[in-house]
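**Student:** Respectively, the protein sequence lines represent chains A and B.
Per our numbering, numbering through the first sequence is continuous, rising by one, with the last residue being 317.
Per our numbering, numbering through the second sequence is continuous, rising by one, with the last residue being 317.
If you are wondering where the hints come from, they were derived from the structure by calculation, not from laboratory data.
Note that the coordinates shown come from a computational prediction; the quantities given were computed from them, not determined experimentally.
Careful: at least some of the hints might be erroneous.
As the list makes no split between identical chains, a pair holds if one copy fits it or if it spans any two.
[What the hints assert, rightly or not] For lysine-lysine, the following BS3-like pairs were computed, each having C-alpha atoms within a straight-line distance of at most 25 Å:
#1 Lys280 x Lys89
#2 Lys35 x Lys56
#3 Lys89 x Lys133
#4 Lys84 x Lys156
#5 Lys288 x Lys84
#6 Lys89 x Lys288
#7 Lys264 x Lys276
#8 Lys288 x Lys133
#9 Lys56 x Lys264
#10 Lys288 x Lys228
#11 Lys264 x Lys89
#12 Lys35 x Lys280
#13 Lys264 x Lys35
There are 2 protein chains.
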Amino acid sequence: MGRVVIGVDLGGTNLRTAILSPEGELLERHKEATHAADGWARVVERLTENIKRLRDAAMGRGLEVAAVGVGAPGVIRGDKGIVVKSPNFPDWNNVPLKDQLEEALGVPVVIENDANAAALGEQWRGAGKGISSMILLTLGTGVGGGIILDNKIWHGADGMAGEIGHMTLVPDGRPCTCGNVGCLEMYASARGIVQSYHEALGNRASGSPITSEQIYDAARSGDKTAVHVMEEMGRMLGIGIASLINIFNPERIVIGGGVKEGWPLFIEATRKEIMKRAFEVPAKRTDIVPSQLGDDAGMVGAAAKALEQARTA
Amino acid sequence: MGRVVIGVDLGGTNLRTAILSPEGELLERHKEATHAADGWARVVERLTENIKRLRDAAMGRGLEVAAVGVGAPGVIRGDKGIVVKSPNFPDWNNVPLKDQLEEALGVPVVIENDANAAALGEQWRGAGKGISSMILLTLGTGVGGGIILDNKIWHGADGMAGEIGHMTLVPDGRPCTCGNVGCLEMYASARGIVQSYHEALGNRASGSPITSEQIYDAARSGDKTAVHVMEEMGRMLGIGIASLINIFNPERIVIGGGVKEGWPLFIEATRKEIMKRAFEVPAKRTDIVPSQLGDDAGMVGAAAKALEQARTA
């Protein structure tokens, strides 16, 4: 019987599941609302049902599920199979997700932080193919990061590495939700862009809420404030990436998340800032590229982890 | 016959060599001036002579030299055995140091960047014993770095990783020798401390040169300006380390270099800033400790590389 894996992206909003071939072909997929507010017991139940349904579908195709990989937000101890805590699931405290799922499913399960899973997904099937050292930056509401070194995620001593969004960019800068001030996240995220726009408008602001998408549109239409805000965001991102290049000397930096939509509006400023600040050899060698898998990255990367698990088990 | 290794620290000023046992015991050592101005051919010749002399000494003790490790400043491609370029040896351009030494000596040779070698030395025999992930920061004239992850140096795609001194701390800060502005090196090095002191004195400055050591002494004697300069240096170092903790979640950060002399004058400010800025779990878990091996770290670490080479060869 042919062997496949199941990849899961357990997001705060959506629960995505898919069957993938060992070559990374997406054979079947499903998406539904997570309903995180139902509490962890019900979410794990729903997750289990979804995986079982896909496993039945695989069997119908004459395929055996060798392992399941789950990407989830928050602090994950993949080595212990535990979700330590998760911002989207307030009642998840040291949940032994791996054991619970393995008991319910009878197949090996691996769990991984969602940003790390997305990095693995991009490396396997997206913008990082053939690359052994890359950093994924997801510019969304916040800024997430996944660091791949020598083909492996660098997790750190507590599974908390990769918080690139919370490197300090401006020592006395904007207060961040993490408690620090001046984090990269406060300048290079959707939230940061909106804040910059409001600050730029100053007392000319109408007071009406504006979204990052509206700012991209305004910039595309030639609105000078919006153009400047996006260039400044690109410059700040470049300062952060230049530091990452000097620290890691990686092969590639992949940029994903919703802010990627504004790519042509910020990337020139980012590249210029990197060349101004980073050492020449690593700056020239580091490709800065957009992610390719979009919302599938986490699910695909979770499947990659599952595949690795199935191979080494 | 017992087997030993030879560790070499090929500095711009001093050339240090030693015989070390597989347990890291320093059996015999030698130090002389490098005379870098003599040019690479003569320096390599002198280096070879020094190693041969130590090898003879080892044989006299009934010990065989299994491998030689060399730490050298600059861009080193350890995988290729080449010194790409070195700030202290202007005429060293892609010198195949490993091959030259192996030919002259008839034993396996490994080469490594000096800051990386120092990190390995501290991990093996100093402040990083038993630690698998640590970052060494050497606060000297400049700021160097060595990153150990999973017991191995992270070299990066071009062997240029670990330039932690050149992460941007202040986007529009002091011009750095590297071409960037606001690098950590401009605030947390001996040079940075002297600059801060002169800036703090402003037009009250006598114009007479002052050294970082004199500033530590002044601070110890209660000179308010000097005390403030050292605390501010500690705070800036803390900002940089907080970012490293959020990025790497390492077990330990080891601080070496001449500025370590001023340890009690800056470390409280550093620790306070880290707790303010980094995530709580990794901030609490990361030990910030002084290096233990002093000027021997690079030589000892080079010997560690040699030992690894001898074991895997």
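**Student:** Hints broken by the structure, by number, lowest first?
**Tutor:** Result: hints 3, 9, 10, 11, 12 break, sorted rising.
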